[in-house]
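Using the hints, position chain C against chain H.
Number of protein chains: 2
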Amino acid sequence: MASKVKLNDFNSIRVPAEDLQKQLTAIFKAVGTPADDSEIAAKVLVSASVRGVDTHGVSNVVGYSISAEDGTYTIPQKTEVISESETTALVSGGNGIGLVSAYRAMEIAIEKAKKHGLGMVSIKDGHHVGMVAYYAMMALEHDMIGMSMTTAAPAVRPALGAKKMMGTNPIGFAAPAGKERDFVLDMATSTVASGKVGLARRIGVPIPAGWAVTPEGEAITDPPEGENEMWALNPLGNTREQGSHKGYGLSVMVDILCGVLSGGGFSSQLQRGENMSWVMAIDIGKFRDIEDFKAMMDDMIQELHATPPLPGEDGVLVAGDPEADAEEDRMTNGVPVENGQYAAIKARAAEVGVQVII
Amino acid sequence: MASKVKLNDFNSIRVPAEDLQKQLTAIFKAVGTPADDSEIAAKVLVSASVRGVDTHGVSNVVGYSISAEDGTYTIPQKTEVISESETTALVSGGNGIGLVSAYRAMEIAIEKAKKHGLGMVSIKDGHHVGMVAYYAMMALEHDMIGMSMTTAAPAVRPALGAKKMMGTNPIGFAAPAGKERDFVLDMATSTVASGKVGLARRIGVPIPAGWAVTPEGEAITDPPEGENEMWALNPLGNTREQGSHKGYGLSVMVDILCGVLSGGGFSSQLQRGENMSWVMAIDIGKFRDIEDFKAMMDDMIQELHATPPLPGEDGVLVAGDPEADAEEDRMTNGVPVENGQYAAIKARAAEVGVQVII
Numbered sequence: 009m010a011s012k013v014k015l016n017d018f019n020s021i022r023v024p025a026e027d028l029q030k031q032l033t034a035i036f037k038a039v040g041t042p043a044d045d046s047e048i049a050a051k052v053l054v055s056a057s058v059r060g061v062d063t064h065g066v067s068n069v070v071g072y073s074i075s076a077e078d079g080t081y082t083i084p085q086k087t088e089v090i091s092e093s094e095t096t097a098l099v100s101g102g103n104g105i106g107l108v109s110a111y112r113a114m115e116i117a118i119e120k121a122k123k124h125g126l127g128m129v130s131i132k133d134g135h136h137v138g139m140v141a142y143y144a145m146m147a148l149e150h151d152m153i154g155m156s157m158t159t160a161a162p163a164v165r166p167a168l169g170a171k172k173m174m175g176t177n178p179i180g181f182a183a184p185a186g187k188e189r190d191f192v193l194d195m196a197t198s199t200v201a202s203g204k205v206g207l208a209r210r211i212g213v214p215i216p217a218g219w220a221v222t223p224e225g226e227a228i229t230d231p232p233e234g235e236n237e238m239w240a241l242n243p244l245g246n247t248r249e250q251g252s253h254k255g256y257g258l259s260v261m262v263d264i265l266c267g268v269l270s271g272g273g274f275s276s277q278l279q280r281g282e283n284m285s286w287v288m289a290i291d292i293g294k295f296r297d298i299e300d301f302k303a304m305m306d307d308m309i310q311e312l313h314a315t316p317p318l319p320g321e322d323g324v325l326v327a328g329d330p331e332a333d334a335e336e337d338r339m340t341n342g343v344p345v346e347n348g349q350y351a352a353i354k355a356r357a358a359e360v361g362v363q364v365i366i
Numbered sequence: 009m010a011s012k013v014k015l016n017d018f019n020s021i022r023v024p025a026e027d028l029q030k031q032l033t034a035i036f037k038a039v040g041t042p043a044d045d046s047e048i049a050a051k052v053l054v055s056a057s058v059r060g061v062d063t064h065g066v067s068n069v070v071g072y073s074i075s076a077e078d079g080t081y082t083i084p085q086k087t088e089v090i091s092e093s094e095t096t097a098l099v100s101g102g103n104g105i106g107l108v109s110a111y112r113a114m115e116i117a118i119e120k121a122k123k124h125g126l127g128m129v130s131i132k133d134g135h136h137v138g139m140v141a142y143y144a145m146m147a148l149e150h151d152m153i154g155m156s157m158t159t160a161a162p163a164v165r166p167a168l169g170a171k172k173m174m175g176t177n178p179i180g181f182a183a184p185a186g187k188e189r190d191f192v193l194d195m196a197t198s199t200v201a202s203g204k205v206g207l208a209r210r211i212g213v214p215i216p217a218g219w220a221v222t223p224e225g226e227a228i229t230d231p232p233e234g235e236n237e238m239w240a241l242n243p244l245g246n247t248r249e250q251g252s253h254k255g256y257g258l259s260v261m262v263d264i265l266c267g268v269l270s271g272g273g274f275s276s277q278l279q280r281g282e283n284m285s286w287v288m289a290i291d292i293g294k295f296r297d298i299e300d301f302k303a304m305m306d307d308m309i310q311e312l313h314a315t316p317p318l319p320g321e322d323g324v325l326v327a328g329d330p331e332a333d334a335e336e337d338r339m340t341n342g343v344p345v346e347n348g349q350y351a352a353i354k355a356r357a358a359e360v361g362v363q364v365i366i
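So the protein sequences, as listed, match chains H and C. The first sequence begins at 9 in this note's numbering and counts up by one. The second sequence begins at 9 in this note's numbering and counts up by one.
In isolation and in its complexed conformation, chain H is listed as follows (with noise of 0.2 Å):
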């Protein structure tokens, strides 16, 4: 929720939502992508952008459209249910765009929440995912509780180390309100997320400190190049004082529900790329009446948005707010693509010989 990409007039340029789906869309299915992978993966990367979560999304289409042309995806791609339950599956993304296994295992566990209540679903053999609570929010149009995970290469030390062994592992998860905006909590485990270090990087800004350390332990406020063994995220709660091991515990957690039930491994075990995660749908209906549920969720938004504020803040925000403020803007402004991503993407449309629309 903290320091989003400013992106302004001058250095970007506002888009349609839908343009940018058609566009994605294409290059996707430019490089081998089967038509309905192509709109789905297209459909997460607009929804990040839209959600201003700029990190994750439409720029990502030239990586990940350059891994699916180079053989690092495998396209077309087979979500394949090795083992499976009434309520769970472990499921192979077949190593091909993450975005698309993540999709449909969450397909798959809010088909079984469905029949039988809960859905769950480890993937192994995937990729990058993008924003991780896209599939938490699956679940609300089906008025469910949704919960996604993913870990990655390590970024991260561990409370008390002095050497990254986690990934940020991330943790979504949504619950649908009724007159207020839903309840959506996008969060990495790591003090802040590996995008916000590149941010700054790129724009010259420093960090501070708390957010990275040497293998000192010394902060490091001049944000870092590259990744390698010269730093590391701090987990979130940052010092032994104030709660590392919390952060620590809770991304190792996620390790442990995306990389050693699926079997795919762990952050550690995981080259940069690979990603294993971990998706799960809750029937709010098997529990109690749906409009109760969400009546109270009401109750509960409103007074956490009546909380006074500290001084100098401007109001408390409920985890979601600063997403659906970008989607109020965008979805009827468009939405601003960075010069430079705004260019990429139009050259590698040109590249993979498809009409430039944007």
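Keep in mind the hints are simulated off the structure, nothing from the lab. This structure is a prediction, so every number in the text was calculated from the model and none was measured. Heads up, some of the hints might be wrong.
Any copy will do: because identical chains look the same in the list, a pair fits if it lies in one copy or spans two.
[To be verified] SDA-like mimics (lysine to any residue), calculated; alpha carbons at most 20 Å apart, straight line: (1) K302 x I90; (2) K123 x E92; (3) K123 x S276; (4) K37 x D17; (5) K123 x E94; (6) K171 x L318; (7) K123 x S93; (8) K122 x E92; (9) K123 x D151; (10) K51 x T222; (11) K302 x G271; (12) K122 x S93; (13) K187 x G271; (14) K122 x E94; (15) K302 x E224; (16) K122 x G293; (17) K30 x Q310; (18) K122 x E47; (19) K30 x E346; (20) K86 x A332; (21) K123 x S91; (22) K354 x E26; (23) K171 x P317.
The following block gives chain C in isolation, referenced to the frame of chain H:
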């Protein structure tokens, strides 16, 4: 995992765990709790003491048995299933002893997971459940992953907020290992659990900046006395820059699963002592071979333990290590019970007319 109560030969008395189990069971029975419920309540409290989680340990028998006697808790209690599906249940704890309703709920979740892969129970009409990880750990002997949460009356401010709105809303998560110790995460979603502030007050030491703030957002280092509006705990992450929205988001997630899904109410609707809870069991064998799962857990735990520590630190721990260390010591040498609490338990036993056996 951080700073536990430091009990030693001067301030505490070692008592064998089995004697504590008998003594506590007798006290619960003497105030009208049925024999099986008394055994359960005692077992959860003794387990917390054995594992070094003394704030949630045996001394609580005094307060709980008073609540049972004075009608705050309804005894004998009925754990009633209000609605259920193959995999889910909404349970009323019958306003009885919270430890008993959470235990019974997890038994239901495990039964459902045995049959259908997953089991989930949300619990309303509940009271304090003690060490929340206990219920997650119940899954371990069934080769399952367990998860448990509980919500409580306000103690923690939202990110950017100046008033306590959420409980410390802890999360428990347990997954079985093979040769290594099981992974057991037990964490408040605040920077610290409330008990740590109370402890600092009792032993007369300052608390670190970052644990608690005034309504003006100023750090409190003199441990505050009692629950009032003059202070609030910080959510995990502490400041906006270091990710306070993450601890806040997790605590609301706990409120949703425990309070809203059950209909029992979210934190700011609860009175002190009221606690709604949530448990889940996942049958690992439905995903993959349990021995393969445990072997990968072992590999992960070994790699984490082998992480080079920060300068000045002894080594990297894994969630559950400090508690397992305490358990090894305390099962061999007896459970240290702080002198004042030891006297109070004996006095309470005499008061309710049972033999003092500790």
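- prompt: Which earlier hints can't be squared with this structure?
  reply: 3, 4, 10, 15, 17, 18, 20
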